[in-house]
Amino acid sequence: MYLFAHGAMLLALLLSVLGAGLACIEAWTERGKALPWLERLNMSSVILVTFASAILLRALVSRDFTLSYVTQYTDSTLPLFYTITAFWAGQAGSLLFWALVMGAASILFLFSNTYQKLNPKTKLYFWMFFLPVQAFFLLLLTGPSSPFVTLVTPPVDGQGLNPLLRNFGMVLHPPLLFIGYAGFTIPACLALASTMTGERRLWVEGAHNWNVASWSLLTSGILLGGWWAYMELGWGGYWAWDPVENASLIPWFSATAFLHTSIIERRFGALPRTNVFLACLTLLLCIFATYLVRSGVVESLHAFGEGGVALPLILAISFGMIVSVAVALARPVGEGSSLPNLDSKQGMVVLLVWLLMLLGAIVLMGTLWPVLSQLWETNPVGVNQGFYNTICLPLFTAMAMLLALAPWLGWKGGFWKPKVAMIPVAAWICVFVIGLWLGVRPLLAVTAVGAAVAVAISVVLLAVLQPKASRSRAFLASHGSHLLFAVLVLGVAVSGPFQKTHEVPLSPGEKFSFGGYVFEYTKLRTEKKTELAIEEAVITVSKDGQRLGELTPQRRLYRNYDHPNSEVSTLFSLGDELYATIHDIEGERVQPLKVSINPMVNWVWIGSLGITLLPLLAWRTRRAQGDHSDE
Amino acid sequence: MNNVSTHTEFSIQKMVVAMMGAAIIAIFLTAFFTGANAPFEHQAGQKKTVQSDKMSELGPLMARIKANPQDADALIGLAEIFSRSKDWQKSEHFWSKVVELDPKNIGAHYHRGFTLVQLKRYAEAIAEYEFILQIQPDSPQALYYLGAINKHGLQKPDEAKKFFQQALALKPEDRELVMEIESELAETK
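Residue numbers (the working numbering), protein chains in the order written: chain A, 1 to 631; chain B, 1 to 189.
Do not rely on the hints blindly, as some may be mistaken.
In silico EDC-like cross-links for lysine to aspartate or glutamate, where the CA-CA straight-line distance does not exceed 16 Å [to be verified]:
hint : chain 1 : residue 1 : chain 2 : residue 2
1    : B       : Lys14     : A       : Glu30
2    : B       : Lys171    : A       : Glu30
3    : A       : Lys594    : B       : Glu182
Because the hints were derived from the structure by calculation, they are not lab data.
Bound conformation, chain B alone (with noise of 0.2 Å):
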């Protein structure tokens, strides 16, 4: 040890021991409690899990909701849930509900649009999307919303593209909408 300083007096170096201990106890329960049965669950089980830890969570918003029913984080926290579980129909209740305390959240406004379009209540959809676009005028994502519903749900592809024609010409920045706005016109002869 000889190009070895005596600079060890110091108790930070016990302290960052025992840390790095620690963190190779909370790795090592971490692993035994949770790996060792990853690989033989099918996917569809995984996705299982993912869906069980969302729905542990209805539980808590609920009782948010029933004790003050205008709780605007608890409704958006269940109509995000019930999203994402692809139960339209109680996503479009909360989206509602969410849209009736804030007639101005645009978020929510795409949201139950979206939630509507899953339910083919394409007039109801095209509403949302058109009052998005009284506030928001410029608003290339409503517009492609519109174009969508048009193409996929109305069948009637010539409206569809004026709509996504209108969208580009507002030269979005999002790249990732520019690319799917540009799909779509592709597919739409």
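This is chain A alone, in the form it adopts within the complex (with noise of 0.2 Å):
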């Protein structure tokens, strides 16, 4: 069966070899008759990439331990739901799941609208875009990092999924990750073939949809990834700027600089050969994500090690990155193509782009910064959390400030309406007075709550000042979501910052006062299941007398697995958000209970959901495609 499975992706590399190869023959004698068996080709290898990820699914699910990728991820304790998800588990399955969703990805746009309106030639260039990169993707899965290994002598049982994985955010948090990053082919195939063919404008129009998905899945993997952490890592935050988190979010920073360059191509036909960069930069900085967690080139809490495939995907992505400039700088300059002015909402875009791009090469240099001090250093070196928290966050405070502002510019320049737009200032100076008046630090974290706070009141104006715009879906996926970017950042303002902690060891019946709450032990559960045995401590939270709920922090010891792991239990609130974790049980003593006092952290998850969702409203459908008055 899986010599069958194998067998399909080497045919399946095979055809998208054929047809890249075809799309090549074609564009170099410049004929176009082939184009129909591109498509074919394109099909047939996407349906056999379908029928080999078929077959990893049934051996997880029938628990076959022959195949080494099963025995990895599984056991036969491990639950349907988890046995499901261990697909993208590892390297190899989760390379397959890319490749399938990028398979699906293609054949969704072989009969979109956008494709059907193309010029034969682009559509032809396109595939020959396209395709090496699924060959690439089909090399690695039938080379270094095939999930169709099996064993000569098959153990009785798995090893099981790693504990820390059996999570609902890190369930969804890998495949919403690939099925993103997968989605972003397609604007950066679209966008190197229009170019090279001299289509021009259609290419961002037709990229809109993908780019806002794709967007969308990235943006909601990513804050997935981070409640992930906050729930299941047990250290009281959500962010610690691992190398593994990094190397999600420089993708992100392009695809977001593009989601907002696209629009002033669209509306003014300016920033063509930024758009092409940016659209093909993303693409390379989502393969060079993975670069970055498979090759063991950086070390990390849940980096994947060398694989084999670090060598493949750095070659891929240099020559990427050379085939991008070189078609890129090709591209005519737009009519509309001389910088704006800084007074003029474009003005205002390409200041966020250029605050993007920086963040992300800080992000980038700070995440390579061990590799690189090694050209100097004996013993290489990371940079910490303090690093990246002293220059990014001032960064992102800007980008708020930003956005409180630039809704007020006219696209051609100046204020539209300079009064109101010095109420959000007056607002952010107001926040900052107060915060420095009362003493309150650090004074980044004052700065960016008066951001937050200057966004909103600018989005409540702006949507009081244009009653009929501001029910328009363009008006709640733009200016909605910098509202929730705001909640998002006015929750990391707060979280952060005012976290208290206590640590404390407790026998029943014990108690303890913290931050005007009392935590009394009142007993120690313990439960037995085939696949894990968990230690529960109930802890009573009350405050001035009145019961507030109970926090149950577990210990659990996973078979397969020799070390406890820690369960996080949380109580809910949009205020004090109270979170308690315990590293040890000695007979029925908590040694010692941690309890953080979390203010407002859930601002954070509701900006993210948010941010995640509004801009799904920016959805252009057939009708609306070619009308920019919304934007």
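With the hints as a guide, dock the two chains, each given alone in a separate frame, to form the complex.
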């Protein structure tokens, strides 16, 4: 069976290579007769990848331990839900999932209105760029990272899924990221193809929905990763600037930049080269993210180590960068491409793009610092969270300030309501002065809260002054997202610096006061399941004599894993969220109980959910394409 | 082709097509030479391949040491290869050479200490980590290793606990290390 699966992927690779080769010959000879064949070859290749994926899924569900991949990530007691998600738990499976989604995206694009409207020559060039990307993934899957490696002497049971991955956040985090990554392949290949044939404007229009959907999925993947870290790792925070976290954030910066610059090209025909470059850069950075996670080049809490894919990935990224720059430079400069003034909405978008690029470069350099510093240091050193927080958080705050001001500028320049535009600025100054006067520190947090308040006021004023426009999907997608971004900034600005933590060993019946709350350890519950043993401390929480609820942090010992695993417990609140973990339990004594008071942390998740979902309202229907009046 | 401009005169177009063609040929040749037999090698076979690749680096490094016994990079390269292949005797020999050449190379002291632990030469390993602590008194890693030696090697859980607690008291920024120390502490009754 696995021979067939591997054979299917080899055949898919062969068909992709054949298709790409045919597309190159047709492009070189400037003919376009083979286009139907290219479409058929791609379709066949995708069907074969789907077949191989179905076989892997079947092997997982039936727990066939003759397959090495199944042995590594499942065992006989793993619940079915996690067994299915083990598909993307390892390197080979996640690459196969990426290839599958990329293939599905190509089929969707093939039947889309955008594709139908493309010139045959552009279609030909699209496949010339897309099929090699697909072939590259199939090369990895049939070579260094095959999910169909069989074991000569299969074990009786598998090793099981890492306990840290048995969490709802981690179930959805990787597929969302991979779907996002794969989705960016279409805009990048479309950008390259349209530029090569000189087919202007339409590509930005056609790429819009792909870009919006991929951006939303990538963003939701990143934010779910943060939520998983908060709920599973037990250190009380959600973002530690870990190399793997950074890996997915780097393409997010360029994708966000592209999301905004494409509006300018659609409206004014400006920034054509920038858009081609950003579309390609985003895809390449997605592949780079895989390189960071899979190559073992940097050490991380959840990096997956060397899997023989590092060299091919770095070669592919370098090659892609050369091709992208060459094609972007070949693009004739757009009609309205002179740099806009800063006192215009266009100027603000350009400023935003520079901020995003700067942030991307800083995070990239910081992540690669342990590697780069090897050039002059015997013992390479990494940068700590302080480095990122000191540099990146002020830049994020500056971005929020831009969002408060930009809507009041006209596309061509000047404030359209100068007096009203000053209200958000005044609000920001007020918050800052009050914070300063009350002695609130750090000042950066006060500045960020001020910026968030300014954006909120700005959006409300816009809605009041433009009642008709504020009911449109475009208004909600853009200004609504900006408002939710402000909510996210507010949550980060308050929950990080003002978090309070306390650790204390406790026996049943003992209690302590912390931050105005009383925590009483009432009892220890134990439970034994087939795959794990659970010890749960029941902590009753009260404030001012009123019972608020129970915290139930757990210590779990999974079968096949020697180390116990701590499970976090929280008491939800839009104000102070209470967060508890336990390190160890001796008899019935909790040794120690760690309690954190995380103010406004749930605003981070509310903002996250909003900025993930609201941009989808910018989805353009066939009728709306070509109409830019609502942007 | 009505909405296609006539900007196709740039020769860069042909160059890009040629580059894509070359990439496709490269993918095909790589697949042809490496892809066909991948799933039929069981894991042990794969490990052997990686290991033999590393071993192929031995010859040139040995030659460099012959030419210049003070070649620190080559010594480190050899020590790393033997560490990876778990040949602890040879690994310890080369880490010792590196330490002799550069006594302040903290990384080499860490590696030598780890290698000595593998060889169950605990007293010497402790001396290595104590030396590191003399230079870097705030090194949670060195304290962690001292704790691990006391716990697993010398069966002195109380001594181990002290080192783990000292390491945690330094509030290490490395979360992986913190988790490791906490789990060791949790197991140290």
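Any hints this thing doesn't respect? Which numbers, in order? 2
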